[in-house]
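S.K.: Each chain, letter by letter, is given below.
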Amino acid sequence: MSEPDELVRVEHVTFSYNTLPVLEDISFSIYRGDFLSVIGPNGSGKTTLIKIILGLLKPSRGAVSIMGRPVAEFRDWSKVGYVPQKATHIDPFFPASVREVVAMALLSTRSPFSKSRRDTDRQVMEALRKVAMESSRNAAIGSLSGGQQQRVMIARALVTSPEILLLDEPTTGVDLETQHLFYEMLHELNDRQRITIVLITHDIGVVNRHVKKVACLNQQLIYHGTHKEFCQSEAFKILIAEGHIVSHSH
Amino acid sequence: MGMEALLGYGFLQRALLAGLFVAFACAILGLFLVLRRDAMIGHGLSHVTFGGVALGLFLNLLPLVAALAVTVLASLAIMKLRQKAGLHGDTAIGILSSVGMALGVALATLAGRFNVDLLSYLFGDILAISPAEVGLSVALAAAAVALIFANYHKLMYATFDREAARASGVRVARLDLLLTVLTSVTVVLGMKVVGILMVTALLVIPAAAGLQLAANFKQALVISAVTAAFSVAAGLAASFSLDLPAAATIVLIAFVVFGAFFAARQMRR
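If you read the protein sequences in the order shown, they are chains A and B. Note that the first sequence covers residues 2 to 251 in our numbering. Note that the second sequence covers residues 747 to 1015 in our numbering.
Honestly, I wouldn't trust all of these hints.
Unchecked claim - Simulated restraints on C-beta separations:
{"hint": "1", "chain 1": "A", "residue 1": "Ile241", "chain 2": "B", "residue 2": "Ala919", "range": "36 to 44 Å"}
{"hint": "2", "chain 1": "B", "residue 1": "Ala919", "chain 2": "A", "residue 2": "Ser17", "range": "20 to 28 Å"}
{"hint": "3", "chain 1": "A", "residue 1": "Ser144", "chain 2": "B", "residue 2": "Pro877", "range": "45 to 53 Å"}
{"hint": "4", "chain 1": "B", "residue 1": "Thr837", "chain 2": "A", "residue 2": "Lys213", "range": "24 to 32 Å"}
{"hint": "5", "chain 1": "A", "residue 1": "Arg195", "chain 2": "B", "residue 2": "Ala961", "range": "34 to 42 Å"}
{"hint": "6", "chain 1": "B", "residue 1": "Ser987", "chain 2": "A", "residue 2": "Ser144", "range": "18 to 26 Å"}
Keep in mind the hints are simulated off the structure, nothing from the lab. Here a beta-carbon is modelled for each residue, glycine too, at the ideal position from N, C-alpha and C.
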């Protein structure tokens, strides 16, 4: 039986691509209000783990449950927001306005006739306001900068009013100043709107001020606990010394 | 001769009705295919259609119906090959399209029907479309458009960001199946309008024209559909007035529209 505020439970998850082991016996939980950073070297299985949590990949062993239900039976995906890694590689020629991109997530799981246009517009504008992009609602998505596109992708993840937001290296290719503003925005979503955030990154310094917990992966879960304790741990020192994670400060 | 006078001819009325419906379906579907970088599946399936037509002629079945059955089956085979054989889409399309053409040549030779019948399918003969074929074309094209619009938001999401759409609960594998089957149906219908060798034009050129000027997805759909409809109507009128082959005229007019939109885009920058 799940604890009432446990949103995600990962139990003994193991995964291999063909015969190449990627994750081995990973177990941890994510609770409501957490701001969890998943860090680790390239190829450590961070993205794979997120995809398993989202049900996009099936683990070879172990189980994942979301809000108390096995992921295969979970249907209320509007409560889970996801910003994939490739959000920074949007097709610049795709003919979609910012408003259309955000509305996609809202309308794609509903019947075309179930929601009035006014309601949809209101929700889309609200999501864009949260990321300070409402003035660009009619702009073509391909005409925006990388940082602005990221904000739109966050708005798309937020438009369904999710309880948990999973972001896979959302600031790849974005300059440090924009990254700083971006993480401030995530902090506000977590702090004021109580949205649980799971953030994959290899730059622990950028999120230093915001994350509450860290899960450090290198095929196995080598650390899971508070951010403060992680920064004093042996695992942290080794990862920094070997250059597997970096620490930009602001 | 004005359009009103042209429409006094029954065969032109039938050609225009079927042509407009089929072109509209091709344009709407084509936009999704072009954005998914899947445009060549139409080209590959058109070759398979040749095998289907030849099978129809060989077995004395209605070629349109035989082509529909063979092309839908081939489109499903392409999907399976992509998923199960570890092949990229273009390789699977390459295999099926060549086999389709080979089957067509072999069957047509065996049937002794490598003649005007078969050539009319290769190059299109919309002015000779029968009332029964008009009915089938209109019904299937309307059904294809209705299915696309019923799944419009899901298709747009999966086309823009497949992984995020999956994570939102959109069943993208079902949408792949829907698009593949609809593509095979529209390719067979397009065969009657512009022929097997030029049917890709109906899927690709109006969509590419729409992408030159559109600021959003709805505009892209409308511009693509209007380009396709205009090309068919103007192509039929021009072919009748200038005594040119209808299929080639339709394709060339679509290309001229694309060229004009491309120039307009360059000037706007």
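S.K.: If I claimed the Cβ atoms of Ile241 of chain A and Ala919 of chain B lie 36 to 44 Å apart, would that claim hold in this structure?
M.R.: Given range 36 to 44 Å: holds, Cβ gap about 42 Å.
S.K.: Is 24 to 32 Å a correct range for the gap between the Cβ atoms of Thr837 of chain B and Lys213 of chain A?
M.R.: The hint (24 to 32 Å, Cβ to Cβ) is violated, given that Thr837 of chain B and Lys213 of chain A are roughly 48 Å apart.
S.K.: Between Ser144 of chain A and Pro877 of chain B, is the Cβ distance one that fits in 45 to 53 Å?
M.R.: 49 Å, holds
S.K.: Hint says 18 to 26 Å; check whether the CB-CB distance for Ser987 of chain B and Ser144 of chain A agrees.
M.R.: 43 Å, violated
S.K.: Looking only at beta-carbon atoms, does the pair Ala919 of chain B, Ser17 of chain A fall within the given range of 20 to 28 Å?
M.R.: With a Cβ separation near 23 Å, Ala919 of chain B and Ser17 of chain A satisfy 20 to 28 Å, so the hint holds.
S.K.: Return holds or violated for the Cβ distance of Arg195 of chain A and Ala961 of chain B against the range 34 to 42 Å.
M.R.: At 37 Å between Cβs, range holds.
The earlier numbered hints that this structure contradicts are 4 and 6.
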